[in-house]
Amino acid sequence: KRLRDYLYDHIQRLTFSYHGQAKTGDLIQRATSDVDAIRRFYADQAIGMGRILSMFIVNFIAIWLINWHLALASVVIVPITVVMSFLFFRRVSQAYEAYQEQDAVLSSRLQENLTGVRVVKAFSRQTYEKEKFETENWKKFQRGKQLLLMHSLYWPASDVLTGGQMLAGFTFGAVLAIRGNITLGSYMAYAGLLLGILWPIRNLGRLIVQMSTGMVSYNRVRQIVIEPREPLDQGDYIPGAGTNGHICFENVSFAYEDAPDIPVLKNITFECQAGDVVALLGSTGSGKTTLANLLPRFYEYTSGSITLDGVELNRYPRKYLRRQIGIVEQEPFLFSRTIRENIIYGIEREVADAEIEAAAQAAAVHDSIISFPDGYDTLVGEKGVTLSGGQKQRVAIARTIIKNPRILILDDATSSVDLETEGEIRQAMENLMENRTTFIIAHRIQSVMKANLILVLDQGNIVQMGTHDELIRQDGIYRQIFDIQTKIDESLEKELASAA
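First residue of the sequence shown? That's 22 in my numbering, and the numbers climb one at a time after it.
Worth flagging that the hints you see were computed from the coordinates, not collected in a lab.
Incorrect hints may have been included.
In the DSSO-like style, the derived pairs of lysine-lysine whose C-alpha atoms are separated by at most 30 Å in a straight line are [to be verified]:
| no. | residue 1 | residue 2 |
| --- | --- | --- |
| 1 | K340 | K287 |
| 2 | K44 | K22 |
| 3 | K160 | K44 |
| 4 | K44 | K151 |
| 5 | K471 | K424 |
| 6 | K44 | K166 |
| 7 | K151 | K166 |
| 8 | K44 | K340 |
| 9 | K153 | K166 |
| 10 | K44 | K153 |
| 11 | K424 | K340 |
| 12 | K22 | K340 |
| 13 | K161 | K151 |
| 14 | K161 | K142 |
| 15 | K22 | K161 |
| 16 | K160 | K142 |
| 17 | K166 | K340 |
| 18 | K142 | K44 |
| 19 | K515 | K471 |
| 20 | K508 | K471 |
Label pairs and their in silico Cβ distance ranges [what the hints assert, rightly or not]:
| no. | residue 1 | residue 2 | range |
| --- | --- | --- | --- |
| 21 | R25 | L170 | 27 to 37 Å |
| 22 | Q33 | A212 | 52 to 62 Å |
| 23 | R344 | E248 | 37 to 47 Å |
| 24 | A295 | S54 | 49 to 59 Å |
| 25 | S304 | K471 | 20 to 30 Å |
| 26 | P100 | F191 | 14 to 24 Å |
| 27 | Q506 | T45 | 31 to 41 Å |
Here a beta-carbon is modelled for each residue, glycine too, at the ideal position from N, C-alpha and C.
Using the sequences provided together with the hints, build the complete structure.
Listed below in structure tokens is the structure:
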């Protein structure tokens, strides 16, 4: 239990880079199946090893007291058994590790399928998914057969050795009794003690082989445990008067750890005053979200300087920064809990119902919530499945509003709502953004026209920078996006008008 609790806590504290590369199914496999294998190792193998050794020592001493020749003859099999067991130990370890890895792949496949079951049904891809699952399941079956084969080869070999030792021991003891070296009573006692010494020898080999599974699981869990935790409290500066929100980027570049030679952001330089609204515009993969992720120190910039209120960003503890920053993601995540619990998730204090309702009203979701039979105590289901896309987005916005952060990051926060609700949320967001530094990540120019500063990114570079009025007069990506979106909107309006 303590190991599983520790591992769960440790996984929560690993870096964003680690979680970006790790597979969910593999982590679940290691935190459940491998931890159980370690538990069985200590509960069964470790305790069994002590029992086996004690029985072996007691019986060996008893036989030695009868006749030391008999004692030595009775343990001839021990070195052979140990050598054979360790040979199988290596092979079983490899087979078990391959089996566990494939089991993790299967878990990931199942987890992905269940998460996207609506897409599977929408495209009628059940047969395709079934075939993919069967392929991975067949690989697991084959690796399981290989593991079973290793065990099935070991047991007959072990029984042959044990049987040979028993036959040789009885024969040697009988010869000594016939020659008068030991009495008949001693021989009968030896026969009983020999059985008592052969059972530990046989099971010693079994335990050595079974220990391989525990050791493999131990190494798989250890691979997670040795991963460095994200140092949330690392930093030597916490302002006594709180954060204002004056942010300055100077020649900031960033590359992911697994591709240090491929910068995602290149020489980013801009400055925004406290309370400014900064819009990030660009195509998919241009670096908008990556730039925003540097602010709460989800990732550390490779070079350059980022300052918050004149202090280098990496001097602030991550925990402090994330309490000052509110984030609304493009695809909001809700826990399988009540709406109330989801709204107050980021608050570490008692929150009055009036405050919760005020946040929901500001996010234009209060009326939807009270229309449910259980109101704010409605269970939203896994990943908020019982709510519409717009409702999930607005609950996520309410969660950010009640946090009352000094800096906001809105990642296309109105992408999943209808036009009427979008207008309500935009008004609520404008009220919320007042006197708060806000970064808006958007694809539509309509979302960023009122920003104090618009950064147009392309392949990790800032290619244009200014206000809407300034950029619209320039030839460049911003003007191109504006013209395209304007034509699309005009065409849509004509179609709606003709349909009416």
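Status of each hint after checking the structure:
1. K340 to K287: 27 Å, holds
2. K44 to K22: Given that 30 Å is the threshold and the Cα spacing comes to 23 Å, the pair holds.
3. K160 to K44: The hint holds at about 18 Å.
4. K44 to K151: Holds - the C-alpha atoms of K151 and K44 are around 21 Å apart, at most 30 Å.
5. K471 to K424: Given pair K471, K424 holds - Cα atoms ~24 Å apart, limit 30 Å.
6. K44 to K166: 25 Å, holds
7. K151 to K166: 22 Å, holds
8. K44 to K340: It holds: about 25 Å lies between the C-alpha atoms, which stays within 30 Å.
9. K153 to K166: 20 Å, holds
10. K44 to K153: It holds: about 18 Å lies between the C-alpha atoms, which stays within 30 Å.
11. K424 to K340: Holds: K424 and K340 sit about 14 Å apart, inside 30 Å.
12. K22 to K340: Holds, at roughly 28 Å.
13. K161 to K151: 15 Å, holds
14. K161 to K142: Roughly 26 Å between the alpha carbons, so the hint for K161 and K142 holds.
15. K22 to K161: Status holds; Cα separation ~28 Å.
16. K160 to K142: 26 Å, holds
17. K166 to K340: 48 Å, violated
18. K142 to K44: With Cα atoms ~24 Å apart, K142 and K44 stay inside 30 Å; holds.
19. K515 to K471: Holds. K515 to K471 sits at ~26 Å (cutoff 30 Å).
20. K508 to K471: Given that 30 Å is the threshold and the Cα spacing comes to 20 Å, the pair holds.
21. R25 to L170: 27 to 37 Å: 31 Å, holds
22. Q33 to A212: 52 to 62 Å: 60 Å, holds
23. R344 to E248: 37 to 47 Å: Once the Cβ atoms are compared, 25 Å apart, the range 37 to 47 Å for E248 and R344 is violated.
24. A295 to S54: 49 to 59 Å: Hint holds: Cβ distance 51 Å, inside 49 to 59 Å.
25. S304 to K471: 20 to 30 Å: With Cβ atoms ~22 Å apart, the hint holds.
26. P100 to F191: 14 to 24 Å: The hint (14 to 24 Å, Cβ to Cβ) holds, given that P100 and F191 are roughly 21 Å apart.
27. Q506 to T45: 31 to 41 Å: For T45 against Q506, whose Cβ atoms are near 36 Å apart, the range 31 to 41 Å holds.
Hints 17, 23 from the list above are not met by this structure, while the remaining hints are.
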